[in-house]
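Need the complex rebuilt from these two chains, each delivered in its own frame; the hints are there to steer you.
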Amino acid sequence: NAGVTQTPKFRILKIGQSMTLQCTQDMNHNYMYWYRQDPGMGLKLIYYSVGAGITDKGEVPNGYNVSRSTTEDFPLRLELAAPSQTSVYFCASSSPGRYEQYFGPGTRLTVT
Amino acid sequence: TQLLEQSPQFLSIQEGENLTVYCNSSSVFSSLQWYRQEPGEGPVLLVTVVTGGEVKKLKRLTFQFGDARKDSSLHITAAQPGDTGLYLCAGAYFGNEKLTFGTGTRLTIIP
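Chains as they are written, first to last, in the working numbering: chain Z, -11 to 100; chain E, 1085 to 1195.
Source of the hints: derived by calculation from the structure; they are not laboratory data.
It is possible that some hints are incorrect.
To be verified - Here are the simulated DSS-like pairs of lysine-lysine, each with C-alpha atoms no more than 25 angstroms apart in a straight line:
id, chain 1, residue 1, chain 2, residue 2
1, Z, Lys32, E, Lys1154
2, E, Lys1182, Z, Lys45
3, Z, Lys32, Z, Lys45
If we strip away everything but chain E, and leave its shape as in the complex, we get (with noise of 0.2 angstroms):
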């Protein structure tokens, strides 16, 4: 079974503080996509990664491939309410469109 860990599995931290969040698997990934979904909503992606070694940000949110392609982190500065959720990486292999998704990390941002 191909499996993605993420870490931790739950985070509550105070507003403003910085986070990082884990996804690490023992396989190669053709690229790497990381979720946000909200109680009683479907996943929405934030971002992919496609290059080993990639940093993309999106405001507050900074997300790092792994060289080897294998892990990725998500680092979030100065957290916000808002940024409350369950975070999801999920992994494509090469070749195959279908997705594996990591096990989450529930986020709490306390005000």
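Here chain Z stands alone, though its shape is the one from the complex (with noise of 0.2 angstroms):
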């Protein structure tokens, strides 16, 4: 059981570049996540979903875009990036009226 998967495992890229961070889930949960961890800090929410076609911000979202035509898949896309999007990125997943939230094993990006 592979669980919350996220490609790729780390990245660096050049400012006003694009990319996508891919986030996959084989346990069949509707909601999906994507926080952002910056060095010694907490979590922050940037988007998430409910279930396939339904997105929502979260605390953070500027600079990013969601898509969910999947169940399964739940993909970041940062359309120029900047400096201040250096950080390492977690996809999570959970059922409806379940707490737990499982997450992946994070995407390490570094915008220079």
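Written out as structure tokens, the structure reads:
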């Protein structure tokens, strides 16, 4: 059982470049989330989705976009990378009414 | 902004000692979770507390949810090097599936 998988594991971008962070879960969870974690800090919610075709903004959505065309996949898009987006990005999933969120291993992104 | 403050931010103690980590907020939560995160990995759930005053034990770890459902504590007895990691509390608000994460406590247990 793979759980939540994220690709790539590491990436270096130049300012202004774009990229998509991939997230896939095989637990048939309806809810999926994207967080960023800055050094020594907790997690901040970027976007979340309660099901295919439904997405909503979290605490820090500026500079990001998401889509949810299937239950399994929840990609995060950075259109014009900025140094402030240097962070570790985590994808997570959960079932409705269940408290536990299952996290992927993270993507470490550096924008220079 | 809804905040969960954790204290201490950093803690380094000798193997065998006891410690307590705190998670505080001015908001009321429907439930509160504790996660542990190791370097290079995502957080992993340790426990969920849902009732005010609830105490849960997980081997040497004891979790307590405040009576008013605004705070929580994690107590570790006889800490071991394997307890080293970043401990995160996360609160859920009534009628909301989203979690608000605390600022984290980075714990180091020295052999």
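For each hint, the structure was consulted:
1. Pair hint Lys32(Z) plus Lys1154(E) holds up; C-alpha atoms about 20 angstroms apart against a cutoff of 25 angstroms.
2. This hinted pair checks out: Lys1182(E) and Lys45(Z) have alpha carbons roughly 11 angstroms apart, not beyond 25 angstroms.
3. The straight-line distance between the Cα atoms of Lys32(Z) and Lys45(Z) is roughly 11 angstroms, inside the 25 angstroms bound, and the hint therefore holds.
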